[in-house]
Each structure stands twice: as C-alpha cells, then as structure tokens.
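Novice: Quick mapping for you: the protein sequence lines, in order, are chains A and B. Residue -19 is where the first sequence starts when you use the working numbering, and the numbers rise one by one after that. Residue -19 is where the second sequence starts when you use the working numbering, and the numbers rise one by one after that.
Do not take every clue at face value.
Pairs count within a copy or across copies, as identical chains cannot be separated in the list.
[Said to hold, decoys possible] In silico EDC-like links for lysine to aspartate or glutamate, alpha-carbon gap of 16 Å or less:
{"no.": "1", "residue 1": "K61", "residue 2": "E(-6)"}
{"no.": "2", "residue 1": "K134", "residue 2": "E91"}
{"no.": "3", "residue 1": "K3", "residue 2": "D63"}
{"no.": "4", "residue 1": "K134", "residue 2": "E(-16)"}
{"no.": "5", "residue 1": "K108", "residue 2": "E88"}
{"no.": "6", "residue 1": "K134", "residue 2": "E45"}
{"no.": "7", "residue 1": "K61", "residue 2": "E91"}
{"no.": "8", "residue 1": "K3", "residue 2": "E88"}
{"no.": "9", "residue 1": "K108", "residue 2": "D63"}
{"no.": "10", "residue 1": "K29", "residue 2": "E47"}
{"no.": "11", "residue 1": "K29", "residue 2": "E46"}
{"no.": "12", "residue 1": "K59", "residue 2": "E23"}
Source of the hints: derived by calculation from the structure; they are not laboratory data. Note that the structure is a prediction, hence the values are computed from the model and not measured.
There are 2 protein chains.
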Amino acid sequence: MEIEKKFLVKYLPEDLEKYPYDKIEQGYLCGNPVLRIRKRNNEYILTYKSREGVEKAAGVCACIEEELALTEESFFHLKEKTDGIWIKKTRYQIPYEEFIIELDIFHEDYEGLVLAEVEFKSLTQSEKFIPPEWFGENVSDDMRYSNRVMSEEKIDFGF
Amino acid sequence: MEIEKKFLVKYLPEDLEKYPYDKIEQGYLCGNPVLRIRKRNNEYILTYKSREGVEKAAGVCACIEEELALTEESFFHLKEKTDGIWIKKTRYQIPYEEFIIELDIFHEDYEGLVLAEVEFKSLTQSEKFIPPEWFGENVSDDMRYSNRVMSEEKIDFGF
C-alpha cells in the first residue's frame, strides 16, 4: 500500500540540474486495473495496479502493484494501443530531510505543470511531514492530478 | 519453467462429457513478451510470459509467467486492442495415470482442431510418459500449434 502526498509547487528549487533525474514517458492500456506502459530512460516497463473492484480470480494474485519488463519493440507495439494522452515528464529526485521528493516537470500536452510527490513509510511519518517553502497546495485528493486521469483527456490547468 | 508436450489426437476419448471442462477464449496484446487476456468461464485474467530477449530492467522482475486479475469491463476494453485472431476453445481435464491431460477442442476460426497437452514436473517424468492410444503425432516443436502463433493469422490445418 502506497502512502504518498502530492503538491503543486510555488517555485522550482535552486540548482535543479544538480539532482539525478529520469526521462519518463507513459500511457495507459486500461484504467481499472491500471495497465500502464512506461519508458524510463532506456528501460521499458509494464505496470499493473489493481484497485477497488478488481476481484480475486481463483488462483490469480490480485496484487496491488506489479512491474514487468518489456522489450523496446513490445513497448512501441503497445504504445499504439494506449488510450488518450501520452504523458511525458522529467522526474528529479531531490533529497529533503529523511525523504526523497520526486519533482515531475511535465512536457508537451502538460507543459507548464509541475508536481512534487513524497512517499512515506507510514501514516505517522506522513503526518509529521512539514513541506519545504517552495511547495504549494496539497493536491493529493484532487484526482485531476492523477497521471492516469490526465491521460484520459486533456485537463485545462489554466496554463 | 514449464515442461509440457503437445499432441494431435486420433480420436476423442469416450464419455468426454463426464470430465470437468472450462470454456476459454483469449487474445494477445503483444507477442514477446506474451501479453494475453483470457476469459475462463466467468474469470478474466491477464497473463504475462517473458521469453528470450526480454531483458531484466533495473528493479523490475522479468518473471517467466505472471497471472493478474482483470474485471469484466477491463477485459472487454482490452479485447478491442488484441492482435489478429480471437481463440475460443473448450478445455477438458482428463486424468491419465499420474497426469492430467488438457484436451483443447477449438471453435470458430479453428473449428475441427483438437490438441492434447500434458504438463510434467520434471524432464525425467516427461521422458517416462507413454501417450494413451487416442493420442496422435507429437507436435510440441511445431510452432504452428502455439495458440499465440495461431492468433497472429489464420493457419490452414487442412480441415
């Protein structure tokens, strides 16, 4: 079970280029369960995430999240089958206190959108979290900022 | 690692209707790795099978076979995205000595085709196996009888 918070940002942290980053692009074959294909730098990954409503079929693990390797060729074959909008972003890994902030800077259809995510080991840890000065509104409960929802149709965030 | 043999059949065993069976239909989103969706009676299953050439991406399990639950809705959403021919068959489970024979009777595009498969726990066990009288040619190495290959385009088996 993932425990995480998602924030808008007021401004970008200084010296962003000094942090490690991944070039990510992804799309969705299916929304529930989530079936996502992702290119992360030169890796190709199929991710399955089961959500509420996915019944456990006899003898089949209704796992919460499963990551499976794709070849480059299969990735591009499946890319043709994705629904809606293709998501592209650069994800920076920024250490902050005991956490790693994942800062997503979106491109193309969502150019101008920046989101910061922090994952926690426990609910207690998430409650203790004091966001850095450059974080904006907590949008964890706003489904419009879900990458999956963003891929369904273009959301106007007012940029 | 699956160890199995596949045979044509010379004739159907007697009293076939006394054995348990599953109504199976399936199609493929991708060939390598295999990404198959299957309806088995009222269950919906996504199967991932990695094969030679699927690299292990960092932090991602390049598992040999993974079965994941789908909802009815997601199954029909993904069905629209499958390649080639949709496979339908009735699979009987027939006990034979220490084995279970899976007898696949195909329908629609492959009406007339019947294949028998036996899975073994070890190579030694597979070498000891003496097929029943009603089995025909061993077609284990004939890729045309692979359901995935059969789904790519209609194969003429001469029926």
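Novice: Give a verdict on every hint.
Specialist: Structure-based check of each hint:
| no. | hint | in the structure |
| --- | --- | --- |
| 1 | K61 - E(-6) | neither (39 Å within a copy, 44 Å between copies) |
| 2 | K134 - E91 | within (12 Å within a copy, 45 Å between copies) |
| 3 | K3 - D63 | neither (21 Å within a copy, 29 Å between copies) |
| 4 | K134 - E(-16) | neither (24 Å within a copy, 48 Å between copies) |
| 5 | K108 - E88 | neither (35 Å within a copy, 61 Å between copies) |
| 6 | K134 - E45 | neither (26 Å within a copy, 35 Å between copies) |
| 7 | K61 - E91 | neither (23 Å within a copy, 29 Å between copies) |
| 8 | K3 - E88 | within (13 Å within a copy, 45 Å between copies) |
| 9 | K108 - D63 | neither (38 Å within a copy, 50 Å between copies) |
| 10 | K29 - E47 | both (9 Å within a copy, 13 Å between copies) |
| 11 | K29 - E46 | both (7 Å within a copy, 13 Å between copies) |
| 12 | K59 - E23 | within (14 Å within a copy, 26 Å between copies) |
Against the hints set out earlier in the document, violations occur for numbers 1, 3, 4, 5, 6, 7, 9.
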